[in-house]
Amino acid sequence: MKYEAVIGLEVHVQLSTNTKIFCSCSTRYSGNEPNTSVCEVCSGQPGVLPVLNAEVLKRAVKTGLALNCSIAKRTKFDRKNYFYPDLPKGYQVSQFDMPICANGYIIVNDGLAEGKKDKKIGITRIHMEEDAGKNVHGSDGKSSFVDYNRAGVPLLEIVSEPDIRTSSEAKEYLEKLKTILKYIDVSDCNMEDGSLRCDANVSVRPAGETKLGTKVEIKNMNSFRGVQKAIDYEIERQIKVCESGSKITQETRLYDEAKAVTLTMRKKEEAFDYRYFPEPDLPPYDIAPKDIDAINSALPELPDAKFARYINEMQLSVYDASLLSNNPSLAAFFDECAAGYKNYKAITNWLLGDISKKMNELGIEDIFSSRIRPENLLEMLVLIDNGTISGKIAKTVVDEIFASGEKSSKIIEKLGLVQISDDGFILKIINEVVAENPKSISDYISGKEAAVGFLVGQIMKKTRGKANPKLVNEMLITELAKLKNA
Amino acid sequence: MSENYIKYANYKEMPAHFKPAHEIRKMIDAKEISEAELMESAVRRSKETNGLLNAFLSINGGAEGFSGVKNSFWAGIPVALKDNIVTKGIKTTAGSKILENYTPIYDATVVQKLKNAGAPIVGKTNMDEFAMGSSTENSAFGVTKNPWDITRVPGGSSGGSAVAVASGLAYMALGSDTGGSIRQPAALCGVCGMKPTYGRVSRYGLIAFASSLDQIGPFTRDALDMAYALDVICGHDPKDSTSSAAPAESFSDFVKKGMDMNGVKIGIPDEYFGDGIEQGVAERVKEAINQFEKMGAKIVSVKLPHTKYAIPVYYLIATAEASSNLSRFDGVKYGFRAAEFKNLKDMYMKTRDEGFGAEVKRRIILGTYALSSGYYDAYYKTAQKARTKIKEDFQAAFSRADLILSPVTPATAFKIGEKTADPLTMYMSDIFTISANLASIPALSIPCGLSGGMPVGLQLSGNYFQEGKMLAAAYEFQKRTDHHLCVAAV
Amino acid sequence: MISKEEITKIAGLAMLELSENEKAEYSSQLSSLLGYFNEIQDLDLAGVEPTNHALVADNVLREDTAVPSLGQNVVVAGAPATDGKSYRVPAIIETEEQP
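Protein chains in written order, with numbering that gives the first Met the number 0: chain R, 0 to 485; chain B, 0 to 489; chain E, 0 to 98.
The shape of chain R in the complex, shown without the other chains (with noise of 0.2 Å):
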């Protein structure tokens, strides 16, 4: 028999704010000692009371607006209450039945690989909570750590629709989810640091059948491929007790990730009753509809639209407005660089070859965090097409921008880079070789056209590559003619 698999995703993304969701601690303690960034507030001491940061009930709506969801007039938060080390009050606060923002979808495939068409993923829900601290295991194996510095850290909860169906889609999911959530600027979306964790709720059904199946909750997922995997482990696993005749049994796994399986952490009749009721500490939240237009205004444009607009108006190929559209910051830079330069094919080449390529090997994944400014690139391009350097110069200007940010004039002024295109001292140059080379010069006569290329390269090499190639060529060629003819 053939399956079919459905899935659905919880995504959680912590907000890059700067301070807790209910206190004012910060949320920048990464590589700091355990509960150091910790208050009487996020580390549960007996009666405190929580206050709703502001830029995280902001950048909430923000997120919606973004993930095409309404957003809630009315918003309040819950209790969700169970019992947990690294849940310092015994209750987390999240919220139930009137979460911030429903009813989205992201749009994945984009038409950008060949053969595959538009798949419109549904987001139920996207709710804010506090997150938890850390529980760090003891080398004794008896005991446990925990560690508060994450406790209250903004949550949002991103739940989507089970419209997913393989594991490669549940990827092209989290990788928009992400581009989109680095567009609008509201968290790190890293989920080797868990700033971006995802759950995944996967069932199998037999192909053609539309009632959904047992699911299975796989926690634990480390990244972006580690999700791939679990869901492909998952999904094998249940057809094989499918096809043994056996019932799936609706769990919570856990991924071990070292040894590429999923593990039984707890059974449904185990499953917590977390008794929720509404957080008679915090008062409920309005969203007026003219907060919700300034943030819609305020929202740069997103990945999709982007996309529409390099292949439309800027006549890029799918190719490139991809990869350019799926990279905030690299898009952000193009969109400087075209701003004051028509040839988006140049600047694209550029950004996506050489510019990509030194990044690469400077691992650096932020361009705005090299040296490199689109002012650099600008002035450049009009270097090139003014003949002033080469295409090729060029390459040695962009290493040296990484390298000193400088600008591009002085860079070639430092460097002496500047074409060459005197063409008294071309001339003398191509007689000097014409002269010390009359084995290629009779080949050339006898017919030898490869002999060219031979003799511009040892031109550029006396001029060490300065001399603008298009005019050694053409001046080359009329010489070589002359000596033919004569």
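Don't read these hints as lab results, they were simulated from the structure.
In this text the structure is predicted, and so the values were computed from the model without any measurement.
Careful: at least some of the hints might be erroneous.
[To be verified] Stretch-level coverage of chain E by chain B, calculated; a stretch enters the list once three of its residues show a Cβ under 8 Å from a Cβ in chain B:
id, stretch
1, 19-28
2, 34-41
3, 46-60
4, 63-72
The beta-carbon is built from N, C-alpha and C at its ideal position, and this holds for glycine as well.
Following the hints, put chains B and E in place on chain R, whose structure we already have.
For chains B and E alone, kept in the frame of chain R given last:
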């Protein structure tokens, strides 16, 4: 048998420890008494009487507490705090074994305000564990005795604070009131007590029992002191999202101006004067009504038809919130942890079983049940809707009356141990006080005479943020009566 | 009527290890309390909004500006068990089956 109380003709006759703070303020300003003498006397008297009364769980060493604050009414006037109000560096137990060794790392907002006002803290007062109780019998550290009769309870849960003021151990004491925990012990100990409007006083640093009902309030000798107390503790707190931004006038200025009681409409709820009220209590309250009428007030009848649902609604909401609020006491971060356990879950279960007393566990179980899957709608949600009806009753009543007058309790202080066997009987004694918490309105209790030699309290309630009017009316009543001049012979 | 089994389940949710005596006592007390509390089921509450929050103003927010934290030595000092930096608890075991 000698009388268990002394009735003074006026404040002048009273020894300094019984005088109201506004008299003490004048004496300090006139250099008739020093701040150091006051604190020394309060600490000494508290230590001397604690073996008998057990009003305090901890008493200040005595030396510290003076800030040299000037131009503050409360500067140098000793106050006491219920032990569920956190004090940085001073042990705070909420009357529970689970917090036996807990020393807070921050000050409650009200504590900060009192410190800023220069009021020295005599000590932390005894209470029913986590404020759950009406008798102070549920303290893990022994019952507090009623100074009028030490075989009787002082009421609760703020029994220690009521006794501290009633016995002249502090001029003002803070308590917390979730269902009557200030007003009921004030009534049973013959002092004044007030639960302000929800949000009037910051709850930041009050160890939560039921977050939507809890409110900090003062115990004082008279209504003018109450106004001074409210002046210092109320106001918006950016650390408490439920604290009100309503402007706080100077209550003491308002009360001192005096109030013309002519035409003030005082509502009498029929539902509060049915069967089951001790005769002496009914008589004293009736006399108080007559007194107000004599002062020119217009007595009108009001209806609070949902009163009979108040106890179920209250106990369902309060225990549900409490079950969640008390989850943080898990043996991980502070306080008590069981000595022996097999694993993490066992540590939790043993710590909480050994750390909490019987009433607290009973309420956690009840509240957990009311919130649990399958019962939430029938219990918690239904109670929240019924709460709306109770609120509406009061809004309708306040459209007919400026103030509502009623008894505080159906009876005077009961015997220690009398009601511990049956929780429902104990819960029923809260019948007249819990509605104010459910409706978020302010209510106060002032003495209105004795029944069988024990104090009787009179409750005045007002609409939201009408504390000024309530206090002024109460002070007009006290100007013309002498019930507040009657004190326990400790 | 709330059975002892139900009390045991609820006590588990509330992390309370009750003795058999306590379970029996709470089962009978809670049964009678809830019997009385069931009065509220008689109310006609159709269309009535629940009072989820007491008298409060909506939209209470705080600026996103950090203030210094209390620090490790202050926060961890009061804990029943620590290594001086973190709270120490019995080992947390997450999975049931061994691979």
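Evaluated hints:
Remark: the stretch 19-28 of chain E is confirmed as covered by chain B, as 3 of its residues place a Cβ nearer than 8 Å to a Cβ of that chain, reaching the required three. Coverage of the stretch 34-41 of chain E by chain B holds [criterion: at least 3 residues with CB-CB distance below 8 Å; count 6]. Residue count for the stretch 46-60 of chain E with a Cβ under 8 Å from a Cβ of chain B: 11. That meets the three needed, and the coverage hint holds. Three residues within the 8 Å Cβ limit are the bar, and the stretch 63-72 of chain E against chain B gives 1, so the coverage statement is violated.
Of the numbered hints listed earlier, the single one contradicted by the structure is hint 4.
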